[in-house]
Amino acid sequence: MPKETHLLNPDKWVKLHADYLYNYAIGRINNHDLAKDLVQDTFFAGLKAMDNFQGLASERTWLVAILKRKIIDYYRKINSAKGKAEVKMNFYDDGEREGDWIEERIPSSWNNETEKDIENEELSDALEKCIANLPEKYAMVFRMKTIQQIETEDICKELEISSSNLWVIIHRARTQLRKCMEDNWFKN
Amino acid sequence: MKITCNQATTICDKSQYKEATFWEILKLRIHLLVCRKCGLYSKQNGLITKCIDKYKTNLNKHSKCLCDKEKAQMEHELKTKI
Chain A
1 MPKETHLLNP DKWVKLHADY LYNYAIGRIN NHDLAKDLVQ DTFFAGLKAM
51 DNFQGLASER TWLVAILKRK IIDYYRKINS AKGKAEVKMN FYDDGEREGD
101 WIEERIPSSW NNETEKDIEN EELSDALEKC IANLPEKYAM VFRMKTIQQI
151 ETEDICKELE ISSSNLWVII HRARTQLRKC MEDNWFKN
Chain B
1 MKITCNQATT ICDKSQYKEA TFWEILKLRI HLLVCRKCGL YSKQNGLITK
51 CIDKYKTNLN KHSKCLCDKE KAQMEHELKT KI
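Those protein sequence lines, which keep their order, are chains A and B. Under my numbering, the first residue of the first sequence is numbered 1, with each subsequent residue one higher. Under my numbering, the first residue of the second sequence is numbered 1, with each subsequent residue one higher.
Careful: at least some of the hints might be erroneous.
[What the hints assert, rightly or not] As a list, the in silico DSS-like pairs of lysine-lysine whose alpha-carbon atoms are at most 25 Å apart:
#, chain 1, residue 1, chain 2, residue 2
1, A, 129, B, 14
2, A, 129, A, 36
3, B, 56, A, 68
4, B, 50, A, 88
5, B, 81, A, 48
6, B, 69, B, 54
7, B, 27, B, 43
8, A, 187, B, 50
9, A, 15, B, 50
In short, the hints are calculated from the structure, not lab data.
Construct the entire structure; sequences and hints are all you get.
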């Protein structure tokens, strides 16, 4: 029996795949316009590369592969962007106190750390703001790992980073997030 | 077995995803016996994880997608290039 060969049908791309690709992108960058643009770019790139399609994978798988490439390009871009929203240092970097808490970043006791508070809908808004306040690269990796719950190995492959690099990013994101939630929610 | 606060809190973060190793957890436990600051971090970190879980369920309530107008626009731009 001959193997099934897949065909491309660009006329139906938007109808069949736009929502799927959009959801894939939004989970990683959480910006509507940007996610939309990435999907559109993916379709354009797909058109250009149609001749290279061998029909081994399904149309959707092939488009997702292109979108993944677009996402890594985006990640590279934000990773190299200098001077924007640098992540706050929480620990001394060198010297004899290396690895110790920096005084103003030491956790302080929270006033209203009750289970009941977590049920508050506004808490989710506060959390969303705090995530959005992270440098883009940190927010992106944090979302992929924590919200989308993508496996560590897969994130590393997708963004071409090492796992120790991933944990440094998660660690910095979470310490910054803790501080932000302390200042904006738990201390109020 | 001695680790810094930076290392201890990194393990604590890892353990929020159940990905810290046995030895890491052991080192963290020992550190927490003597370090109040990291103890507080550890406790609050667990609470932050609960907040995130709550946030996640809220997110799933309204699934995101492109509106018809945006898709029509996309379709239109794609057609000009086919």
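Going down the list of hints, with the structure as the test:
1. A:129 with B:14: 23 Å, holds
2. A:129 with A:36: 22 Å, holds
3. B:56 with A:68: The hint holds at about 23 Å.
4. B:50 with A:88: 23 Å, holds
5. B:81 with A:48: 9 Å, holds
6. B:69 with B:54: Outside the cut-off at roughly 32 Å; violated.
7. B:27 with B:43: This hinted pair holds, its Cα atoms lying about 17 Å apart.
8. A:187 with B:50: 17 Å, holds
9. A:15 with B:50: 37 Å, violated
In this structure, the earlier hints numbered 6 and 9 are contradicted, and the remaining ones agree with it.
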